[in-house]
Amino acid sequence: MGQAGMAVAVVRYLRSVGSVTTAGRVDPLPRPELRAVRPDERAPVDPAEFRKVLGNFASGVTVISAPGDDAEGGPAGFACQSFASLSLDPPLVVFMVARTSTSWPRIARAGVFCVNVLGAGQQGLCRSFAVSGGDKFAGVEWDPAPATGSPRLRGVPAWIDCVIHAVHTGGDHLVVIGRVRELGCAAEGSEPLLFHRGGFGRLTP
1 MGQAGMAVAV
11 VRYLRSVGSV
21 TTAGRVDPLP
31 RPELRAVRPD
41 ERAPVDPAEF
51 RKVLGNFASG
61 VTVISAPGDD
71 AEGGPAGFAC
81 QSFASLSLDP
91 PLVVFMVART
101 STSWPRIARA
111 GVFCVNVLGA
121 GQQGLCRSFA
131 VSGGDKFAGV
141 EWDPAPATGS
151 PRLRGVPAWI
161 DCVIHAVHTG
171 GDHLVVIGRV
181 RELGCAAEGS
191 EPLLFHRGGF
201 GRLTP
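Per our numbering: the sequence shown = residues 1 to 205.
Rather than coming from a laboratory, the hints here were simulated on the basis of the structure.
Glycine included, C-beta positions come from ideal geometry on N, C-alpha and C.
A few of these clues could be false.
Label-pair distances were calculated between CB atoms; the ranges are [as the list claims (entries may be wrong)]:
{"id": "1", "residue 1": "Phe-50", "residue 2": "Pro-146", "range": "32 to 42 angstroms"}
{"id": "2", "residue 1": "Gly-134", "residue 2": "Phe-200", "range": "15 to 25 angstroms"}
{"id": "3", "residue 1": "Pro-90", "residue 2": "Arg-154", "range": "34 to 44 angstroms"}
{"id": "4", "residue 1": "Arg-99", "residue 2": "Val-45", "range": "16 to 26 angstroms"}
{"id": "5", "residue 1": "Glu-49", "residue 2": "Ala-98", "range": "14 to 24 angstroms"}
{"id": "6", "residue 1": "Gly-184", "residue 2": "Pro-90", "range": "12 to 22 angstroms"}
{"id": "7", "residue 1": "Val-53", "residue 2": "Gly-170", "range": "17 to 27 angstroms"}
Construct the complete structure from the given sequences, taking the supplied hints into account.
In structure tokens, the structure reads:
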């Protein structure tokens with residue numbers, strides 16, 4: 001199945017289980033021309049160089065979480081730095097997830113998710129959710145987010161409770177757009193957890 005076929009299959013599944021995948025009519029952009037790189041064209045950039053250069057862009061760190069189901073037990077979640085706000089009207093956010101992620105299929109089946117924005121000092125929490133497999137929620141305190149029931153981690157500076165609005169392919173990742181249903185933040189002055197050049201950092205005055 002090609003990338004476009006995978007995206008169609010994901011959206012079709014979400015619709016079949018009653019999840020929101022679109023909100024209102026949006027006219028699509030012209031479809032880009034898709035073709036292979038010819039031998040006489042420049043080869044793709046080296047992955048190591050790509051990581052090195054893009055690592056200079058500092059980002060926040062989040063945990064994307066979703067409720068579990070009877071078949072698979074507890075909730076699902078993974079650490080994610082590829083997150084951003086997308087639209088104010090309607091309120092949309094976006095995150096990217098690797099197509100090899102074992103957490104993503106469970107989040108897709110749930111059709112909902114909560115973005116937990118991590119704060120300074122929560123490196124350990126990030127590392128727990130960055131591993132593959134195992135019970136990532138062991139010893140983690142959380143309560144259900146008000147709109148979707150997705151895990152809202154205790155002590156995070158901010159949280160955004162969403163339903164899946166649309167899913168698109170993006171190379172070896174999927175681009176997941178969420179429509180915000182509820183959100184909230186801690187008291188003023190909470191510092192974010194930053195990721196830069198392969199390590200954690202924090203704001204300094």
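Do the hints match the structure? See the list:
A hinted range of 32 to 42 angstroms holds for the C-beta pair Phe-50 and Pro-146, which are about 39 angstroms apart. Our hint of 15 to 25 angstroms for Gly-134 and Phe-200 holds, since their Cβ atoms are close to 21 angstroms apart. Separation of Pro-90 from Arg-154 is about 29 angstroms and departs from the stated range, judged on CB atoms against 34 to 44 angstroms. Distance hint check: the CB atoms of Arg-99 and Val-45 are about 20 angstroms apart, consistent with the given range 16 to 26 angstroms.
At about 19 angstroms, the CB distance of Glu-49 to Ala-98 agrees with the hint of 14 to 24 angstroms. Checked against the given bound of 12 to 22 angstroms, the beta carbons of Gly-184 and Pro-90, roughly 18 angstroms apart, stay inside it. Taking 17 to 27 angstroms as the suggested C-beta distance range, the pair Val-53 and Gly-170 conforms, at roughly 18 angstroms.
In terms of the numbered hints stated before, the structure departs from hint 3 and from no other.
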